[in-house]
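Undergrad: Place chain B on chain A using the hints.
Below are the chains, spelled out letter by letter.
Protein chains: 2
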Amino acid sequence: MRSEFDFIRNIKEKYDLRHVGDDCAVLPKDSKTDLVTTVDLLVEDIDFRLAWTTAELLGVKALTVSLSDVAAMGASPKWAMLTIGVPKRLWNTNFVDKFYEGWTTLAKDHNVELIGGDVSRTPDRVVIDSILLGEVPKGKAVLRSGANPGDSIFVTGSLGGAAAGLILLESGFRYSKVGQRRKALITRQLRPTARVDAGKHLMKRGLATSMIDISDGLFSDLHHLCDASGVGARIESENIPYDENLDAIGPDILHAIRSGGEDFELLFTSPRKKISNAKLPPITRIGEITTNVGQVEVIDGARSAYVARTGYRHF
Amino acid sequence: MRSEFDFIRNIKEKYDLRHVGDDCAVLPKDSKTDLVTTVDLLVEDIDFRLAWTTAELLGVKALTVSLSDVAAMGASPKWAMLTIGVPKRLWNTNFVDKFYEGWTTLAKDHNVELIGGDVSRTPDRVVIDSILLGEVPKGKAVLRSGANPGDSIFVTGSLGGAAAGLILLESGFRYSKVGQRRKALITRQLRPTARVDAGKHLMKRGLATSMIDISDGLFSDLHHLCDASGVGARIESENIPYDENLDAIGPDILHAIRSGGEDFELLFTSPRKKISNAKLPPITRIGEITTNVGQVEVIDGARSAYVARTGYRHF
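Going line by line, the protein sequences match chains A and B.
Sequential numbering from 1 applies to the first sequence in my numbering.
Sequential numbering from 1 applies to the second sequence in my numbering.
Do not rely on the hints blindly, as some may be mistaken.
Partial selection, computed: residues in chain B whose CB lies under 8 Å from chain A [claimed, not checked]: (1) Gly-116; (2) Ile-131; (3) Glu-135.
For the record, the hints were derived by calculation from the structure and aren't laboratory data.
Keep in mind the model is a prediction, meaning the values are calculated, not measured.
Positions of the beta carbon are idealized from the N, C-alpha and C atoms, including for glycine.
So here's chain A without its partners, still in its complex pose:
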């Protein structure tokens, strides 16, 4: 029996899905501009649980996952299409209104215009398909394939918070009934932020040779980037910027979080050793691109290990 992860990876590879190797597909628009496009499917009880979140937060997250893909290209989000399938039990509630309210609030922040979509009923569960189009100066989209041996590897912000939030939710903790630090972790899972401005800034300044957003998990997404670039990577474990609240769930599950996804931070490479700017979020150098094609090596003190190609598994 194939695992879910294998099944999905096989289909994506076989049919060049998930944007033919990048976070967005890139199309020529006009003489100065390229168009980027991304699609993300969210299915109830696979990608979210209605008992854990609110309709508004779900609207926010549906747009965020797509904003993050556009951010990873260094592009500016512009137009969205939003498809939603809703089961009968939600027709007479304010679910759809609240969902759009959340979506619209975030869309306004990013000047994203809703240009269409579709709506349907479903037998049991909510399904959402989020489609986002963006623009980037011609030839300037930051791809996964541009990393060179010797480049430094950077991440924005901090990692592991979204996975820790998921672990808390799965363990029965709820936002309204936990302390501030656990609230912060659950917020990273239910109300993530896309690094749109950081992505644009890195593109404009030509700082990133390659980029991807961390949706599957640090090591899984780093593998994607290395594969696309035909390179390898060496990561210094102690430099990974874990979420400051992670120990609020106990130190024993850090290994689970190391490969946890949905942080929606940016992972990118640059010839520079240091990158900082008042316009950027905290950026941490976590390692270096190597010639060891397809291999991700993690240095942990005196020990070194190659990381398996696993990543985020949805609950």
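TA: Chain B only, in chain A's frame:
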């Protein structure tokens, strides 16, 4: 309790979904070209049943519904994104392969390039979201809003076959076990054809003042067109080109079929009284645009009646 139709219509209207009033959204691309985009969600047991069709035919239909939207703008399909959610019971079958096989065969016929998409698992049912982008010369997209009083109303091909095919399937008939005429009706339901060339031709020659594809049903879609154009319509019942095989399901259900959808023929208006061309499918004049805003009147011999705003209801 709201009906499904009301629920969906309310959401579409409230949030300007379903392409903000046209079959596709229109975006500026470059100085010579506009971009059109469309999204269609297909949910198992709402929009299709796996027991009635094959994975290949489902792939064909997923693309066809979007091709039809692009055709209704007079545009040329170019790029597609395809999202599919698949339940575990289908992982180890050839379902996904056959689905893409069907999709790809039709995509090649129309020079449509798959540029991305997403894949996910689902708890129970297959969901498909079909996204299609196309191009049309700047300002030339044929909208729903251009019909003028006095224009003739035309349809391509024939109507009712897809609805009749659905009735046969719902009644337990299966393609492999019926005669040629019933096979033809089931084919119209399971393997519809989009009028892409006809749409392009009408756009190029400037023949259509407004256009929509018949996906909800003749009268429902005609209401949409009239609403967008701020006009009314008078239809001569005897001129409606019903599918030649319709009587294979018995004459008593013709009333159900009159409002049946999914024929994916084009409904358009033109100042001309007659349109025919070797490059076009059969085109029939079925009535005339009136000043009777929002009203669709049907003349049936000596009788005349206004048609209620109902349309295709999914099973």
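Undergrad: Would you mind marking each hint as holding or not holding in the structure?
TA: Taking the hints in turn, this is what the structure says about them:
{"no.": "1", "hint": "Gly-116", "in the structure": "holds, 4 Å"}
{"no.": "2", "hint": "Ile-131", "in the structure": "holds, 6 Å"}
{"no.": "3", "hint": "Glu-135", "in the structure": "violated, 11 Å"}
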